[in-house]
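Following the hints, position chain B against chain A.
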Amino acid sequence: MSGDESPQKILKELVYSMSKGATAAVIDKILGKLSKLANRKKYGFSASHKMGNALAEISKRDAFKRLKECVGADHWAIDFCRVGLVVAESNRLGEKIDISSIKTEALSREGPKGVTVINMGSTGAIHSVIAYLSKLKLENLLTEDIAKKFDKMIENWDRITIFVKGDDSISSTKSKILKLIKNENEVFWIFGYGSARMIACKAIAELNNERKILENDYIWDPDHIKDGSGKDVVSFAFKLCY
Amino acid sequence: MEKTLKFFNITQEQKRALLKALGYEILEDGFLYDKKNGKPYICPNSDEKVSFDSATIVPGSLLVIKGDPLSVSKYLSEFEEKQVKK
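Protein sequences appear in the order of chains A and B.
Per the numbering used here: the first sequence = residues 1 to 242.
Per the numbering used here: the second sequence = residues 1 to 86.
For the record, the hints were derived by calculation from the structure and aren't laboratory data.
We put the beta carbon where it would ideally sit given N, CA and C, even for glycine.
With a straight-line Cα cutoff of 16 Å, these simulated EDC-like cross-link-like pairs (lysine to aspartate or glutamate) come out: (1) A:Lys12 with B:Glu13; (2) B:Lys39 with B:Glu28; (3) A:Lys68 with B:Glu80; (4) A:Lys60 with B:Glu81.
Label pairs and their calculated CB-CB ranges: (5) A:Leu214 with B:Lys49: 52 to 60 Å; (6) A:Leu107 with B:Asp29: 20 to 28 Å; (7) B:Asp29 with A:Lys96: 23 to 31 Å; (8) A:Leu107 with B:Ile42: 19 to 27 Å; (9) A:Glu184 with B:Gly30: 48 to 56 Å; (10) B:Ile42 with A:Glu69: 28 to 36 Å; (11) A:Ala205 with B:Lys49: 52 to 60 Å; (12) A:Arg211 with B:Asn9: 53 to 61 Å; (13) A:Glu69 with B:Lys35: 40 to 48 Å; (14) B:Glu13 with A:Glu69: 39 to 47 Å; (15) A:Asn183 with B:Gly30: 47 to 55 Å; (16) A:Asp151 with B:Lys20: 38 to 46 Å.
Here chain A stands alone, though its shape is the one from the complex:
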């Protein structure tokens, strides 16, 4: 409960006073009122207020909080992951977002690795990554060690992910997965979008039945997410377990 004026009312008062050539003292008084309100209520003003609110909202979600606990609040990718999570959420809700300008900004700030994090968001993979990092945290790994693993994951992202296509065959998918298994990657992911979901699932099921996964000391976790166009996606996180 408060008798505060709304920020919109103060802004209108400011526009009106300035158009009438109000004195500096009057303008300062209005600014003071707005500043006090903004500081106390934590208000911001932006033409992109929806994105601002989405970013603030995602910060309260478990996924983002867990990520901060896992890799540390000061990790370079935290700001990128927050944006990535907003992109993933917008996709899930079928909302359009200007991903290309975000990628351009990410590239200018951190180079390709910045773009990789945004891509993790646009493909929906970011949730699977956070789930994996959370498991490492449960295994009592130190924050700095998890952060190093996350950095390595971002750096090698293209090499530790298979995005199965609708026209891929089951046997070629199995070969790609086996290659990653033989390389003894600590962790890798398989994603199947839309019609490719069944191909990914069948390839993994066959490898599982042939015991090619377990005998090479891998375990896998399935997940279900949405991609940039709202399509259903299956993801499988493979983890080396020795």
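Relative to chain A, chain B alone:
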């Protein structure tokens, strides 16, 4: 209780008035300049020039920052850190 930022929409007219009142000039190139010294205004968050279109005003003496998602995200990190320290 966890305090989070809430962003309000600001019209072009309101933004122009607010930035002018805060001591900024918007020149033909579309960027903000400090009225006192005529120098381009540099976002304390991104260390980059701020255009009128992207200018976002946040709490902290009505601080002006670049309003692209990554800059706002960075600001939120600093904001959250301050909230934890309080």
